[in-house]
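Protein chains in written order, with the UniProt record's numbering: chain E, 1 to 345; chain F, 1 to 440.
Simulated from the structure, these hints should not be mistaken for lab results. There's no promise every hint is true.
[Said to hold, decoys possible] Simulated crosslink set (SDA-like; lysine to any residue; CA at most 20 Å straight-line):
no. : chain 1 : residue 1 : chain 2 : residue 2
1   : F       : LYS313    : F       : THR424
2   : E       : LYS256    : F       : ARG170
3   : E       : LYS138    : E       : ALA211
4   : E       : LYS256    : F       : LEU177
5   : E       : LYS66     : F       : ILE272
6   : E       : LYS66     : F       : VAL277
7   : E       : LYS299    : E       : GLY312
8   : E       : LYS299    : F       : GLU244
9   : F       : LYS160    : E       : THR229
10  : F       : LYS115    : F       : MET86
11  : E       : LYS256    : E       : ALA167
12  : E       : LYS299    : E       : GLY71
[Unchecked claim] Sample of chain E residues at the chain F side, in silico, Cβ under 8 Å:
no. : residue
13  : SER39
14  : GLU47
15  : ASN48
16  : THR53
17  : SER58
18  : GLY193
19  : ASP227
20  : ALA248
21  : GLU251
22  : MET266
23  : SER268
24  : PRO313
25  : PRO316
26  : TYR320
Source: prediction; values computed, not measured. No residue lacks a Cβ here, since even glycine has one placed at the ideal position from N, Cα and C.
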Amino acid sequence: MTFKLTASALAIAAVSATSAAARDNVQVAGSSTVLPYASIVAEAFGENTDFPTPVVESGGSSAGLKRFCEGVGENTIDVANASRKIKDKEIKACAENGVTDIIEVRIGYDGIVFASQQNGPAYTAFTPSDMFNALAPKVVVDGALVDNPYTQWSEFNADLPAADIMAFIPGTKHGTREVFEEKVIAAGCEATGAMQAMIDGGMSHDDAEDACLAVRTDGRAVDIDGDYTETLARIEANPNGIGVFGLAFFENNQDKLKVATMDGVMPSTESIATGEYPVSRPLFFYVKKAHIGVVPGLKEYASFFVADELAGPEGPLAAYGLVSDPELAKIQAVVSDEVTMGGGM
Amino acid sequence: MTDATNNPPRHKTSLHTVDARTKRRNASEARFKMYGMTAILIGLAFLAILAVSIIRAGTPAFTRTVFDMELTLTQAEFEAAEKQLMKTKAYQAVFIDQLSAKLTEQNVQVAFDGKAIDRLLGKIGGDLRAHYRANPGDLGKPVQFTLPASSRVDGYFNGKVTRDTLVDSRFLEVSDLDLVDALHEAGIIHSAFNWTFITAADSSVDNPGGAGIGASVVGSFFMMIVVLGLSLPIGVAASIYLEEFAPKNRFTDLIEVNIANLAAVPSIVFGILGLAVFIQFMHLPNSAPLVGGLVLTLMTLPTIIISTRAALKAVPPSIRDAALGVGASKMQAVFHHVLPLAMPGILTGTIIGLAQALGETAPLLLIGMVGFVAREYPDGLAEGFLNANSAMPAQIYTWAARADSAFYDKAWGGIIILLIFLLTMNIIAILLRRRFERRW
Chain E
1 MTFKLTASAL AIAAVSATSA AARDNVQVAG SSTVLPYASI VAEAFGENTD
51 FPTPVVESGG SSAGLKRFCE GVGENTIDVA NASRKIKDKE IKACAENGVT
101 DIIEVRIGYD GIVFASQQNG PAYTAFTPSD MFNALAPKVV VDGALVDNPY
151 TQWSEFNADL PAADIMAFIP GTKHGTREVF EEKVIAAGCE ATGAMQAMID
201 GGMSHDDAED ACLAVRTDGR AVDIDGDYTE TLARIEANPN GIGVFGLAFF
251 ENNQDKLKVA TMDGVMPSTE SIATGEYPVS RPLFFYVKKA HIGVVPGLKE
301 YASFFVADEL AGPEGPLAAY GLVSDPELAK IQAVVSDEVT MGGGM
Chain F
1 MTDATNNPPR HKTSLHTVDA RTKRRNASEA RFKMYGMTAI LIGLAFLAIL
51 AVSIIRAGTP AFTRTVFDME LTLTQAEFEA AEKQLMKTKA YQAVFIDQLS
101 AKLTEQNVQV AFDGKAIDRL LGKIGGDLRA HYRANPGDLG KPVQFTLPAS
151 SRVDGYFNGK VTRDTLVDSR FLEVSDLDLV DALHEAGIIH SAFNWTFITA
201 ADSSVDNPGG AGIGASVVGS FFMMIVVLGL SLPIGVAASI YLEEFAPKNR
251 FTDLIEVNIA NLAAVPSIVF GILGLAVFIQ FMHLPNSAPL VGGLVLTLMT
301 LPTIIISTRA ALKAVPPSIR DAALGVGASK MQAVFHHVLP LAMPGILTGT
351 IIGLAQALGE TAPLLLIGMV GFVAREYPDG LAEGFLNANS AMPAQIYTWA
401 ARADSAFYDK AWGGIIILLI FLLTMNIIAI LLRRRFERRW
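Make a model of the complete structure from these sequences and hints.
Laid out in structure tokens, this is it:
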């Protein structure tokens, strides 16, 4: 009897779920890089306004944007967090499902740093060329493109320690990987002349650019598909290891990690804000305009996120490690005027 | 003849002296026993290592460093704070001002400023605001507050942060530790049992002091109700039919094989199924314990069916025959005689299936229960099933991925709580079996 009762109660609950769809909280999903910032904002939003705390799920930029583009309606998410710009392909997929008016909001910048164990070898200064020489499958030695022969950092740059090359880099599902490839590996590819050597070897320019992004597969470059905590665990177990971290993560773990400069610039919120530190990227969130006015608190959440008190240089996001956007006022205007991508109002 | 007399050694065995062959057999038995003991010892050693490391890593989560201070908030300060966008920050500022004043009054010999105190404090504005909004009568009166310190101060108290390893940063500076010591001496900061960890909901990444597993325990609870409410009746009905009524033919064989296969399907597959069917097709809400429960029901069903069928099989046929013999219908025989006798086995199987479901994370990843989700306690039953919530293992996973190592301790603390639940469930299963099981 009791079983029957529970079962029927559940059935009723299931049915009412679909009818009682008037969702009263904002739903957000996407990048795990943006998640910490979004969770800070969501908590503050719940504490400082009369709206319920938004739900922020993780899962990665691509997965978040995919769900964002599934359509318009109560059962789809309102905001997608992304650690990269939305792609044309994704905008098209969105449009096919009726998601046409998208507001793009840039919340600030995130630095990507190279860090190693506190008591490991003295990895203190890198250039993109060093990273390319250490991690590419083919490098230029004496003017010729050969399979990467290097096993120690000192073999190609006498200033670096004589320690085995071991790098823990973000896996391909991470938005961070793209930035790492673009700003470090590709830059190193050009600087060392490997790209020119590939083109001279008969490759087209585009193919050479793609080939530049490859990473050696002999076990010296390890893809980390998990979070930075996994990279940290690998670094702690591996004195020679170099790991790729977000600036905020590094700053939270300075007692365990030491950071290296890139092109002679020390990563910090200041050097990233001025653009001196080369490896950084903007962070975004995307808002479905069709949901504004339908889902209570959505517009308020978006403008709360980019308010000076939160995303500004003195706000809690900067305190956690976000590099605040110098053009924050412009972003605030975009949100308040609900300017969609492509310029529509 | 001579041969026969020369043969004796074989026959001359004695019960007092052991011959070589027996010795060998005894030795091999002793060796085998030793192997067995070693295997058990290795197993126990691993268990002990696991238990010790979990307890050692998890205990910091159960204490926290708190500020104990009397605060007087005036009506004017309240109104000024309520006008701001970041109201909580204004409340925090009032607290810092009054603490500074108190320190100056007590003539503390350490240099400090508001920023240093801010670094030592956790995020307390939310608690203060919630208190004064709920109790407007407290405005203008002194109220005793116990509020969390920052995670670094926590680390200093449990030995994770030391003067040698601390690197000056905007989170904490070495000189701040002098202030911590002074505040500790003055009795303003001290360690206390962390009830927040057990009762509160999840907090944001910069607020480890406010994080708790309570809301996700509730989420897990609602999921388990769904799993129990659906998988027990469905599983028992299916097994009774298959075991007692179904004809034995190719088709039922096929069903049987498939149930066994289903039990071995990796749980992430059920997560994808749940996303596609329950959320995208049936439009049930994201991150809802109802959906989580439905997904875990699919996962638990085969376990329950298999154990129920085993329990039904264990009831001797003589009982069925006797019932049928005195004129009971087949259904009466099953429901009046076989099922009650099989019940302990069924319950044991169900509880073990539930315990397995309770610890499952993988399917929950796909239906949106990982992230910053377990934020509020549900009001009432319907909300409990439908409002976004997390579950214990998903919460642990979320915490383990956060940058601040205080959350890492919380993840271990969460594991302790999860293990307590699992142990309790397994003990109940054992007790039920002991109490009701009958052997024939």
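**OP:** Please name the hints from earlier in the document that this structure breaks, with their numbers sorted from lowest to highest.
**Re:** The structure breaks hints 1, 8, 18, 22, 23, 24; every other hint is satisfied.
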